[in-house]
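K.L.:
Sequence:
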Amino acid sequence: KADIRRNFILLNGDAKAPLDFIDMWRQMICGVLIDGAEAAAHFEKAIAHGAGFPGVLNNFANLIADTEDGDIEAADRMIEEALKQLPNQAELYDTRGKIRLRQGRVSEAIADFELALKEPRIRSEVYMNLAKACKLAGDDTSARRYEQLGKERSFPQ
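In case it helps, my numbering puts the sequence shown at residues 96 to 252.
Since the hints were derived computationally from the structure, they do not count as laboratory data. Using N, Cα and C, we set each Cβ at its ideal position, and we do this for glycine too. Watch out, some of these pointers could steer you wrong.
[What the hints assert, rightly or not] Below are the DSSO-like pairs computed for lysine-lysine, each with C-alpha atoms no more than 30 angstroms apart in a straight line:
id, residue 1, residue 2
1, Lys230, Lys246
2, Lys213, Lys246
3, Lys213, Lys179
4, Lys230, Lys213
[Unchecked claim] Pairwise CB distance ranges (calculated):
id, residue 1, residue 2, range
5, Gly150, Arg239, 28 to 38 angstroms
6, Lys179, Ala206, 12 to 22 angstroms
7, Glu214, Glu175, 18 to 28 angstroms
8, Asn183, Arg248, 32 to 42 angstroms
9, Glu214, Lys246, 11 to 21 angstroms
10, Pro215, Pro182, 17 to 27 angstroms
11, Glu176, Arg239, 13 to 23 angstroms
12, Pro182, Arg216, 14 to 24 angstroms
13, Arg239, Leu181, 14 to 24 angstroms
14, Arg216, Glu175, 16 to 26 angstroms
15, Gln243, Ala169, 15 to 25 angstroms
16, Arg216, Gln180, 17 to 27 angstroms
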């Protein structure tokens, strides 16, 4: 399907389409392992082709948030832009919560993770993020409760 979408974009001359982002996902779907640096390069190219795509912005911001030495301020700008376009998208709040944790803004991270809980597909990960944030806030009781909820809702490996 990725090849069909890519060919459709090329035929229609959609210059803003994030072709590198599509190529990266196609490779990943086919089982090609991509490291963080290579993924970042794909995201940067995708943003250059279509700077306003909220999915690309969110995924790149999430990658940065999960990278210890990533430019967290750039990730913050990306997620804020994505939220302007999709203010009701739970996944964006999970990403912003991770960014807030990295910035030391723990209470704001907790609020974002709580907003992200409205999306059932990501609840397990969000509960684990909430557990981490509560632990940083010194609330070990809530941290344990959220960690347990995350484990209960995780998919079997």
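K.L.:
Are the hints correct? Go through all of them and say.
P.N.:
Tested hints:
With a C-alpha separation of about 16 angstroms, the suggested pair Lys230 and Lys246 falls inside the 30 angstroms cut-off, and the hint holds. Pair hint Lys213 plus Lys246 holds up; C-alpha atoms about 17 angstroms apart against a cutoff of 30 angstroms. The straight-line distance between the Cα atoms of Lys213 and Lys179 is roughly 18 angstroms, inside the 30 angstroms bound, and the hint therefore holds. The hinted pair formed by Lys230 and Lys213 meets the criterion: a straight-line CA distance of about 22 angstroms does not exceed 30 angstroms.
The beta-carbon spacing between Gly150 and Arg239, approximately 34 angstroms, falls within the hinted interval of 28 to 38 angstroms. A hinted range of 12 to 22 angstroms holds for the C-beta pair Lys179 and Ala206, which are about 18 angstroms apart. Between Glu214 and Glu175 the beta carbons are some 19 angstroms apart, a value that agrees with the proposed interval 18 to 28 angstroms. Separation of Asn183 from Arg248 is about 22 angstroms and departs from the stated range, judged on CB atoms against 32 to 42 angstroms.
The given range of 11 to 21 angstroms is respected by Glu214 and Lys246, whose C-beta atoms sit roughly 18 angstroms from each other. At roughly 19 angstroms, the beta carbons of Pro215 and Pro182 sit within the given window of 17 to 27 angstroms. One distance hint, 13 to 23 angstroms for the beta-carbon pair Glu176 and Arg239, is violated here, with the actual separation near 35 angstroms. Remark: the range hint 14 to 24 angstroms for Pro182 to Arg216 is upheld by a beta-carbon distance near 19 angstroms.
A C-beta distance of roughly 32 angstroms is found between Arg239 and Leu181, which places it outside the suggested range of 14 to 24 angstroms. Against the hinted window of 16 to 26 angstroms, the Cβ-Cβ separation of Arg216 and Glu175 comes to about 23 angstroms, which satisfies the hint. At roughly 34 angstroms, the beta carbons of Gln243 and Ala169 sit outside the given window of 15 to 25 angstroms. With their beta carbons about 20 angstroms apart, Arg216 and Gln180 fall inside the hinted range of 17 to 27 angstroms.
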